[in-house]
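Visitor: Sequence:
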Amino acid sequence: MKRKYISVLIQLAILVFVQVIFLNNIRVFNYFIPFIYLYPIFKLSVHTPSWIIILLGAITGLILDAFMNTPGLNMASATLISYLRMPIIHLFFADEMDKEDEDFSPSFYSVKEYKYLLYILILCFLHIAVLLLLEAFSLSLYEQTIPYILCSTLISVPLMMILDALSGFRKR
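Under my numbering, the first residue of the sequence shown is numbered 8, with each subsequent residue one higher.
It is worth saying that the hints were derived from the structure and are not from the lab. Values in this document were obtained by computation on a predicted structure and should not be read as measured data. One thing to keep in mind: the hints can contain errors.
Claimed, not checked - For lysine to any residue, the following SDA-like pairs were computed, each having C-alpha atoms within a straight-line distance of at most 20 Å:
hint, residue 1, residue 2
1, 119, 137
2, 50, 90
3, 106, 54
4, 122, 110
5, 11, 21
6, 50, 168
7, 50, 106
8, 122, 133
9, 50, 61
10, 50, 103
11, 119, 93
12, 50, 164
13, 106, 90
14, 50, 62
15, 119, 94
16, 50, 98
Use the sequences and the hints to build the structure in full.
Guide: Here it is, written out as structure tokens:
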């Protein structure tokens with residue numbers, strides 16, 4: 008079990024590095040900003056204690072805030088997503104969790120593809136929406152923020168699916 012947590016910490020460190028150095032500096036058409044740093048948290052086992060997931064999300068967001076000079080925005084959105092992860096898992100994967108005797112972790116290979124896609128889509132959308140709405144912090148900028156949220160979600164979800172396909176390919 009400790010090995011799994013060390014693996015998650017290494018994945019988080021790598022993805023935070025990639026997010027800070029590369030992805031935050033990529034703005035395709037000024038609307039696409041990919042956010043993939045929470046992928047390891049999305050993939051954690053359902054038996055991982057909630058306090059560990061929330062703490063990991065908060066620390067990951069805090070580290071990103073430190074590098075990006077954003078006052079708690081990433082921490083707030085990452086903590087919220089870490090908190091909402093289990094209710095969303097129960098919403099989509101209750102049947103799979105009942106069938107699994109072992110440690111269940113949502114992935115493209117362990118559940119139906121459309122359910123996993125919806126799971127990633129909802130978590131990504133919520134994360135990006137909270138982050139960008141907190142950044143705008145104004146309802147007058149609502150019309151300008153919606154395209155950023157939608158476009159960033161549409162680029163982040165395929166990147167997370169690619170990461171999942173690569174991690175599943177490695178395990179096979």
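Visitor: Work down the list of hints and note, for each, if the structure agrees.
Guide: Hints versus structure:
1. 119 to 137: Violated, at about 27 Å.
2. 50 to 90: Roughly 14 Å separates the two Cα atoms, so the pair holds.
3. 106 to 54: Distance of about 14 Å is within 20 Å: holds.
4. 122 to 110: 18 Å, holds
5. 11 to 21: Roughly 15 Å separates the two Cα atoms, so the pair holds.
6. 50 to 168: It holds: about 11 Å lies between the C-alpha atoms, which stays within 20 Å.
7. 50 to 106: Status holds; Cα separation ~18 Å.
8. 122 to 133: 16 Å, holds
9. 50 to 61: At roughly 14 Å apart (the allowed maximum being 20 Å), residue 61 and residue 50 satisfy the hint.
10. 50 to 103: Judged against 20 Å, a Cα distance of about 15 Å means the pair holds.
11. 119 to 93: Within the cut-off at roughly 18 Å; holds.
12. 50 to 164: 14 Å, holds
13. 106 to 90: Outside the cut-off at roughly 24 Å; violated.
14. 50 to 62: 15 Å, holds
15. 119 to 94: 18 Å, holds
16. 50 to 98: It holds: about 16 Å lies between the C-alpha atoms, which stays within 20 Å.
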